[in-house]
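S.K.: Next come the chains, spelled out residue by residue.
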Amino acid sequence: MSDELVQIETPFTFNEKNQREFDELIERYPIKEAAMLPTLHIAQRQAGYITPAVMKYVAEQLEVTVMKVKDVVTFYPMFFEEPVGEYVIRVCHTLPCALRDCKVVLDHLKAKLETDIASETNLAKGTTADGKFTLMKVECLASCDVAPVIMINDDLYKNLTPEKVDEILETLAG
Amino acid sequence: MVEEKRILYEHLDVPDINTFDVFRQYDGYKRFEKAIAEYQPDDIAKMVMDSGLKGRGGAGFSTGLKWSFVPRDIKPCYLCCNADESEPGTFSNRYVLEKNPHLLIEGILICCYAMGIETTYVYIRGEFTLGKRMLDAAIKEAYEKGYLGKDVRGTGLNIDIYTHPGAGAYICGEETGLIESLEGKRGQPRNKPPFPAVEGVFMKPTVVQNVETLCNLPFIVGNGVEWYTKMGPTYADTRNDPPTPDPNTGTKLYCISGDVNEPGVYELELGLTCSELIEVAGGLRGEEVKAVIPGGSSAPILTHYELDTRLDFTSLTLAKSMLGSGGIIVMNETRNIVDCLLNIMKFYAHESCGQCTPCRWGTPWVRDIVQRIADGGGRPDTITRPKFGVTESGRWGDTGETEEIYEDLDLLESVANNIANVDTMTWNTICVFGIAVSWPAVSYMRKFRPEFEAAIREGKLVTLPVAEATVPPEENYAYQQRFIPKEFADL
Ligand SMILES: Cc1cc2nc3c(=O)[nH]c(=O)nc-3n(C[C@H](O)[C@H](O)[C@H](O)COP(=O)(O)O)c2cc1C
Ligand code: SF4
Chain Z
1 MSDELVQIET PFTFNEKNQR EFDELIERYP IKEAAMLPTL HIAQRQAGYI
51 TPAVMKYVAE QLEVTVMKVK DVVTFYPMFF EEPVGEYVIR VCHTLPCALR
101 DCKVVLDHLK AKLETDIASE TNLAKGTTAD GKFTLMKVEC LASCDVAPVI
151 MINDDLYKNL TPEKVDEILE TLAG
Chain A
1 MVEEKRILYE HLDVPDINTF DVFRQYDGYK RFEKAIAEYQ PDDIAKMVMD
51 SGLKGRGGAG FSTGLKWSFV PRDIKPCYLC CNADESEPGT FSNRYVLEKN
101 PHLLIEGILI CCYAMGIETT YVYIRGEFTL GKRMLDAAIK EAYEKGYLGK
151 DVRGTGLNID IYTHPGAGAY ICGEETGLIE SLEGKRGQPR NKPPFPAVEG
201 VFMKPTVVQN VETLCNLPFI VGNGVEWYTK MGPTYADTRN DPPTPDPNTG
251 TKLYCISGDV NEPGVYELEL GLTCSELIEV AGGLRGEEVK AVIPGGSSAP
301 ILTHYELDTR LDFTSLTLAK SMLGSGGIIV MNETRNIVDC LLNIMKFYAH
351 ESCGQCTPCR WGTPWVRDIV QRIADGGGRP DTITRPKFGV TESGRWGDTG
401 ETEEIYEDLD LLESVANNIA NVDTMTWNTI CVFGIAVSWP AVSYMRKFRP
451 EFEAAIREGK LVTLPVAEAT VPPEENYAYQ QRFIPKEFAD L
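As they're listed, the protein sequences go chains Z and A.
Using this note's numbering, you'd call the opening residue of the first sequence number 1 and step up by one each time.
Using this note's numbering, you'd call the opening residue of the second sequence number 1 and step up by one each time.
In short, the hints are calculated from the structure, not lab data.
Don't take each hint at face value.
[Claimed, not checked] Straight-line Cα separation of at most 25 Å, SDA-like style, residue types lysine to any residue; simulated pairs:
1. Z:K32 - A:K185
2. Z:K32 - A:E199
3. A:K185 - Z:Y157
4. A:K192 - Z:F75
5. Z:K32 - A:K204
[As the list claims (entries may be wrong)] Take a look, some chain Z residues computed to stay more than 10 Å from chain A by CB distance:
6. T10
7. T94
8. V104
[To be verified] If you only want the chain A side, here are some residues facing chain Z, beta carbon under 10 Å, derived:
9. I74
10. T90
11. G187
12. D259
13. G264
14. M331
15. W365
16. A454
The model shown is predicted, which means the values in this text are computed figures rather than measured ones.
Using N, Cα and C, we set each Cβ at its ideal position, and we do this for glycine too.
Just need the whole structure built from these sequences, with the hints factored in.
M.R.: Structure below.
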């Protein structure tokens with residue numbers, strides 16, 4: 001029964017490059033389970049988000065139960081269980097950024113992208129209709145000297161103003 | 001004005017310092033070579049003990065002492081480098097990782113040599129993608145040059161360093177949470193004891209050390225203990241007879257943000273005052289300092305009465321606050337303290353790992369009370385309760401009088417104190433996240449009570465002038481420790 005449920009989705013396997021990365025990774029730890037977070041990062045990079053099929057595959061690779069993988073995925077905010085946009089925009093809203101008007105940046109992004117802010121249980125709420133952007137609030141990004149900051153995928157953008165946000169969005173859209 | 005004293009950050013801005021060759025030109029790895037050529041492992045451990053180095057990650061625990069708890073006969077022993085920098089207001093580790101990763105590797109090598117460690121995991125927070133890339137590249141180079149791997153530089157030492165990415169959870173910065181997370185589980189802290197030094201990752205002895213702490217090691221070995229202890233004040237702890245030295249040695253990477261003109265990381269000798277630091281950071285942006293958070297958002301707040309407090313481990317503990325991670329957040333007269341507390345409580349309510357009931361339920365409850373007050377819905381009923389203050393004996397305690405307090409403020413204090421009691425310093429939780437919640441909640445409320453009261457009375461946020469918003473030290477229980485007879489004096 002449970003097998004059938006998982007089968008509804010396309011099964012997941014690492015592509016060649018990621019398989020090599022994974023093989024290297026697993027050597028580093030005395031127990032396989034310890035490779036959980038880096039493995040999930042690789043899997044998410046390949047699949048876009050953590051589907052049940054991904055969890056099943058990771059569980060097999062690390063020789064743990066699927067439940068254990070799910071347990072971890074639900075704990076960490078950086079793992080998504082729903083599709084997200086091509087660009088994930090993380091807006092810091094903790095005190096040092098708040099003291100430097102991160103709210104202006106956030107409101108501007110909301111208006112510009114015509115979307116709401118994603119919540120951890122509802123990522124679709126913060127994703128634009130064309131699936132290009134997902135807007136979310138995050139806690140301190142450890143860059144308080146250049147506040148307000150946002151992170152778009154892997155890149156940090158500093159000392160933001162609405163004008164700078166416009167420029168960044170234009171570059172990404174173009 | 002106090003001069004910057006760049007040691008860890010001295011070569012940070014040298015172009016290409018992240019490459020082996022350039023790092024080598026600036027004494028890179030020479031201190032490690034000195035360590036293996038001139039000293040036995042135990043000598044290094046003793047030097048670190050004598051240097052008085054205290055952990056820079058938050059707890060401020062003596063590094064040498066921590067190393068002495070590690071049993072030498074159980075192998076393997078692991079080193080976990082804590083690069084999970086997530087405490088709001090802290091951003092010094094990031095620059096080390098991004099710009100000078102070889103310095104960290106050298107620090108790790110020295111620690112590994114001293115402790116007989118073969119495997120190190122650097123737990124880097126998931127958002128530090130650039131930092132991880134830079135460190136990975138540096139590690140690769142160090143392997144190629146023979147400073148890592150099997151038989152390091154022909155000494156017979158085997159040392160491996162691996163980076164391990166986190167995934168956005170603040171609590172993985174707590175050392176046992178970090179260990180759980182490293183083992184591939186939810187980052188939920190463990191009960192202590194056993195301490196990680198005895199039973200840590202993979203149930204083996206583990207040294208957990210912050211990036212900045214490890215970066216101090218090359219300089220202690222390279223320049224000697226005497227040179228190192230000249231920096232920063234050493235106090236005499238007169239609670240012991242004869243008084244024992246209480247070192248606050250070395251420099252600190254102070255991260256200053258908020259309402260200052262030039263926010264950033266400033267490396268200074270420990271022990272300068274709060275107002276001196278604000279001056280170093282280009283002065284206040286605004287008219288007047290309203291409040292300063294001295295050690296990351298978990299630290300109790302300081303008022304404008306306390307700007308002469310020295311920013312070192314001992315002085316801040318005596319001021320009933322803490323140096324913590326060294327993240328200083330300055331607020332000027334336009335800031336509303338209720339609003340600031342709300343922001344911080346939202347952070348903690350989001351980050352509780354959920355293991356302990358007082359923390360899991362108490363933290364959102366505190367947030368909800370502050371939210372209610374900020375939204376103008378604070379409950380205007382008052383209750384009468386015993387008043388604390390200076391008693392006839394000249395000590396703090398129950399004065400026998402009573403005071404009127406808004407029900408919501410009493411509730412706020414009581415919920416926070418039931419997560420972790422800031423007066424008795426006892427907590428009902430597994431880790432000290434609990435105290436990191438109740439410390440700000442209670443200290444903001446006690447020290448800036450007029451602003452909380454105004455918000456309840458007026459039904460909306462009211463920003464009072466600094467003098468009116470702050471409760472003077474004589475009247476306030478939160479300043480308590482300042483009135484305990486001075487137990488520490490300058491040596
Ligand atoms: C809730 C919480 C969060 C913490 N976050 C960090 C952190 O982000 N980085 C860090 O180095 N230490 C952090 N610590 C402190 C660690 O538990 C530990 O004391 C430290 O890594 C030890 O290294 P040190 O002795 O070199 O400071 C945190 C502690 C607590 C209770
Ligand atoms: S105090 Fe909070 S964060 Fe710490 S273990 Fe308990 S629930 Fe988790």
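S.K.: Broken hints, numbered, in rising order?
M.R.: When the structure is compared with the hints, numbers 3, 7, 9, 15 and 16 turn out to be violated.
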